[in-house]
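No gaps in the numbering here: position 545 of the sequence shown is 545 in my numbering, and each next residue is one more.
One or more of the hints may lead you astray.
To be verified - Straight-line Cα separation of at most 16 Å, EDC-like style, residue types lysine to aspartate or glutamate; simulated pairs:
1. K215 to E570
2. K520 to D559
3. K4 to E100
No lab work stands behind these hints, which were simulated from the structure alone.
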Amino acid sequence: MNEKLALNDDILMKIEKPARYIGNEVNAVVKDRDSIDVRFCMCFPDVYEIGMSHLGIQILYDMFNRYDDVWCERVYSPWLDLDKIMREKKIPLFALESQEPVKNFDFLGITLQYEMCYTNVLQVLDLSGIPLLAKDRTEEDPIVIGGGPCSYNPEPIAEFFDLFYIGEGETAYRQLLDVYKEVKEKGGSRQEFLLRAAREVPGMYVPSLYEVSYKEDGTIASFVPTREGVPAKITKEIVMDLDHAPYPEKPVVPFIRATQDRVVLEIQRGCIRGCRFCQAGQLYRPVREKSLETLKHYATTMLESTGQEEISLSSLSSSDYSHLEELVDFLMTTCQEKKVNISLPSLRIDAFSLDVMGKVQDVKKSSLTFAPEAGSQRLRNVINKGLTEEVILKGAGLAFEGGWSRVKLYFMLGLPFETEEDIRGIAELSNKIAALYYEVVPKEKRNGPVQIVSSTSFFIPKPFTPFQWAPMCTKEQFLDKAALTKQAVREQLNQKRIKYNWHEADVSVLEGVFARGDRKVADVILKAYEKGCIYDAWGEYFKYQTWVDCFQECNVDMDFYTTRTRSDEEIFPWDFLDCGVN
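Make the full structure from the sequences, and use the hints.
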């Protein structure tokens with residue numbers, strides 16, 4: 001237990017949810033700092049409840065702490081109330097376990113899960129007293145390393161990081177830490193470590209060792225290493241044997257309710273589907289499964305070590321796991337004895353899945369989720385979403401017969417080659433599903449009226465997907481499409497049973513800039529942070545106009561990254577990375 005908390009009682013009493021900052025949770029790891037060589041601070045640049053729900057950090061935290069010579073601790077973005085106090089009272093940002101300043105660590109590892117957390121990365125560096133730009137850091141500062149899905153185009157934030165780890169963290173970290181220890185023992189410099197990391201450790205990208213030049217039109221002319229032995233192309237790291245890869249048997253249990261407050265059982269990585277808009281489907285290839293025996297072991301151990309009351313299966317498409325039936329049977333037996341709930345996200349809606357869901361959840365309370373993604377069959381074929389209207393309606397019909405009366409539908413607006421007919425198709429499909437309920441469920445068996453919630457998000461072309469060349473809609477085009485969808489829903493017979501929601505267009509536009517941006521975007525992110533932009537992923541704190549002003553002040557054109565069609569020959573900011581998919 002910590003003798004001393006970094007925040008005194010006076011401050012803890014003033015802020016919302018002080019339990020975010022005191023550490024000492026069940027299964028948190030505390031080591032004797034004199035017996036270790038490397039201190040690693042793992043950061044999720046968002047509030048504690050969201051960061052604690054992230055499986056990747058739990059895996060790496062567990063793996064690092066199994067090493068005798070390493071102590072890995074955690075830090076999250078302080079919420080705005082504490083952020084203000086820390087700046088006023090000059091309290092440095094601290095890690096949860098030791099309550100010591102992050103600046104004293106050897107490494108600060110930041111996971112980049114979504115583009116809208118970029119200003120929070122700067123908040124974490126700033127509150128830690130670490131220079132925001134990598135070029136300004138000295139031997140006194142930690143090595144700042146980034147990883148996660150957004151590191152597949154690290155360029156918009158490259159200037160803030162010393163190093164990026166490209167790919168899955170279980171493979172090369174031990175080698176990286178050993179190189180660090182060697183350089184440190186010999187009294188070598190940070191530059192020496194970074195150069196050796198880039199040359200010797202697979203999957204490492206050190207932005208300062210590469211030079212970008214641009215053409216007149218703003219596109220990239222060349223992207224080359226500046227030192228001998230530094231690879232021109234970096235291949236992502238990948239774990240092929242998931243059964244023997246590290247996985248936490250004792251995950252840390254949060255003190256307060258996290259967004260995903262449950263034990264998470266990762267059943268497989270990768271997805272066989274190949275939807276053309278989906279970045280995760282491309283990045284996490286190939287599909288790798290865990291064996292049934294391994295999963296039974298982890299499920300039992302984790303439920304015992306945490307006391308959690310829910311277990312969730314994690315994968316991009318759970319229905320594709322080959323032993324799903326046996327696994328669910330095992331969990332149902334185990335979990336019923338312990339009164340534990342089972343949560344099964346990302347299932348395809350078919351007879352088997354519905355049967356399973358009917359057994360594990362209270363049908364009356366829950367809603368089913370389908371993701372047709374597009375309103376017409378033609379457009380579903382364009383995006384390679386292997387789902388026909390027939391399959392969707394059959395699944396919905398089975399669900400209604402099984403007692404469900406609430407359905408959520410997810411679509412995208414602004415997909416390449418979309419027509420007005422495709423957009424109207426969203427309302428038409430929603431209406432067909434609503435009408436089906438009254439056809440297949442006799443009056444006396446109806447569990448109230450049917451409820452259809454149709455949501456649209458706006459399409460953002462992501463690196464490494466077949467749509468990475470495609471232009472993206474403007475904010476106005478997106479809003480016109482949402483208005484058309486809303487109008488089309490109103491024209492349907494069952495309009496009262498359909499609720500329509502859409503995502504904010506301005507956030508999508510900015511996300512599009514960050515997703516395909518280059519190093520020029522860093523100036524804008526820095527300026528926006530200096531003007532108070534933070535927690536951009538939270539609608540109520542997102543300041544779109546401030547961002548637009550910052551792009552203008554930095555003379556960076558947003559449309560250049562979003563609405564422009566790219567040629568086949570263009571060099572993309574992420575072309576120096578190889579994610580294994582051509």
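Verification of the supplied hints:
1. K215 to E570: 11 Å, holds
2. K520 to D559: Holds, because 14 Å separates the two Cα atoms, which is no more than 16 Å.
3. K4 to E100: 10 Å, holds
Hint compliance for this structure: no hint is broken.
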